[in-house]
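As a plain string of letters, each chain reads:
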Amino acid sequence: SQTIHQWPATLVQPVGSPLSLECTVEGTSNPNLYWYRQAAGRGLQLLFYSVGIGQISSEVPQNLSASRPQDRQFILSSKKLLLSDSGFYLCAWSRDRGNEQFFGPGTRLTVL
Amino acid sequence: KQEVTQIPAALSVPEGENLVLNCSFTDSAIYNLQWFRQDPGKGLTSLLLIQSSQREQTSGRLNASLDKSSGRSTLYIAASQPGDSATYLCAAQGRGSTLGRLYFGRGTQLTVWP
Chain A
1 SQTIHQWPAT LVQPVGSPLS LECTVEGTSN PNLYWYRQAA GRGLQLLFYS VGIGQISSEV
61 PQNLSASRPQ DRQFILSSKK LLLSDSGFYL CAWSRDRGNE QFFGPGTRLT VL
Chain B
1 KQEVTQIPAA LSVPEGENLV LNCSFTDSAI YNLQWFRQDP GKGLTSLLLI QSSQREQTSG
61 RLNASLDKSS GRSTLYIAAS QPGDSATYLC AAQGRGSTLG RLYFGRGTQL TVWP
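Sequence order for the protein chains is A and B. According to my numbering, the first sequence is numbered sequentially starting from 1. According to my numbering, the second sequence is numbered sequentially starting from 1.
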């Protein structure tokens, strides 16, 4: 069966510090991968998606970037965090675009 | 741009009631629609996925319907239990250039009390 992991589970960072969140998927190959953010008072927003290694599409211009160094690894990064980057970050995968998406446990990021 | 609305925003009911959660979307050109459950501080659990060509899907006590032409989906929960307490989210998936992108509603927060 497939499993999706995210770490860390929670993170508190000062404004201006860098960020690296990791997502890995087990039990499948060549998944489509997604990063979403759930901010207080707002719905889930798609940030990035990837259909393969090194292939990243950005949905919303922002202070964040994503990379996919391996088939089942997806990383969300920032060079300098802003207060507005606080939120709950969720990684998801699907077998192909259009298929059912499955979500990880999430990372709660608080920027102070 | 697709906009998804969920009504009601919150619902509190006694155990045993049958419930209907509503989801509406502005662009009927969707690829599919997915219902999720989210427990506090947790990720999303996929409940049901309805393809655009389907009218409904069932899983246990859950039944989801889709009326694409009117831009509506409903999630029916039979014989509700306290363990059903959670936030329920619907998400419409776009077609064509937006395939793979889920457009989420803000959810219905459900509380089922014993």
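Because the hints were derived from the structure by calculation, they are not lab data. Just so you know, these numbers come straight off a predicted model, no measurement behind them. Yeah, the Cβ is synthetic: ideal placement off N, Cα and C, and Gly gets one too. Among the hints, erroneous ones may be present.
[To be verified] Sample of chain A residues with no beta-carbon within 10 Å of chain B, all distances over it, derived:
hint, residue
1, Q6
2, P18
3, Q45
4, Q62
5, L83
6, Q101
7, G104
[Claimed, not checked] Listed next, with one range per pair, are the computed distances between beta-carbon atoms:
hint, chain 1, residue 1, chain 2, residue 2, range
8, B, P40, A, L11, 17 to 23 Å
9, A, G54, B, Q81, 29 to 35 Å
10, B, E17, A, T110, 36 to 42 Å
11, B, P40, A, I53, 15 to 21 Å
12, A, T3, B, P40, 20 to 26 Å
13, A, R97, B, A79, 34 to 40 Å
14, A, S1, B, T111, 40 to 46 Å
We went through each hint and held it up to the structure:
Its closest Cβ contact with chain B, about 8 Å, brings Q6 (chain A) to no more than 10 Å, contrary to its assignment away from the interface. In this structure P18 (chain A) is separated from chain B by more than 10 Å, as the shortest Cβ-Cβ distance comes to about 24 Å. Not every C-beta of chain B lies more than 10 Å from that of Q45 (chain A), the closest at about 8 Å, which undercuts listing it as non-interface. Look at Q62 (chain A): its CB is around 16 Å from the nearest CB on chain B, clear of 10 Å, so calling it non-interface holds up.
Listed as outside the interface, L83 (chain A) is consistent with that label: its C-beta sits roughly 21 Å from the nearest C-beta of chain B, beyond the 10 Å cut-off. Not every C-beta of chain B lies more than 10 Å from that of Q101 (chain A), the closest at about 6 Å, which undercuts listing it as non-interface. For G104 (chain A), the condition that its CB be more than 10 Å from all CB atoms of chain B is violated, with the nearest at approximately 5 Å. Between P40 (chain B) and L11 (chain A) the beta carbons are some 18 Å apart, a value that agrees with the proposed interval 17 to 23 Å.
Distance hint check: the CB atoms of G54 (chain A) and Q81 (chain B) are about 46 Å apart, inconsistent with the given range 29 to 35 Å. Evaluation of the 36 to 42 Å hint for E17 (chain B) and T110 (chain A) yields a pass: the beta carbon distance comes to about 37 Å. A beta carbon spacing of about 35 Å between P40 (chain B) and I53 (chain A) contradicts the range 15 to 21 Å that was offered as a hint. The beta-carbon spacing between T3 (chain A) and P40 (chain B), approximately 22 Å, falls within the hinted interval of 20 to 26 Å.
Between R97 (chain A) and A79 (chain B) the CB atoms are about 36 Å apart, so this pair conforms to the stated range of 34 to 40 Å. With their beta carbons about 31 Å apart, S1 (chain A) and T111 (chain B) fall outside the hinted range of 40 to 46 Å.
Violated hints, listed in ascending order, are 1, 3, 6, 7, 9, 11, 14; each of the other numbered hints is respected by the structure.
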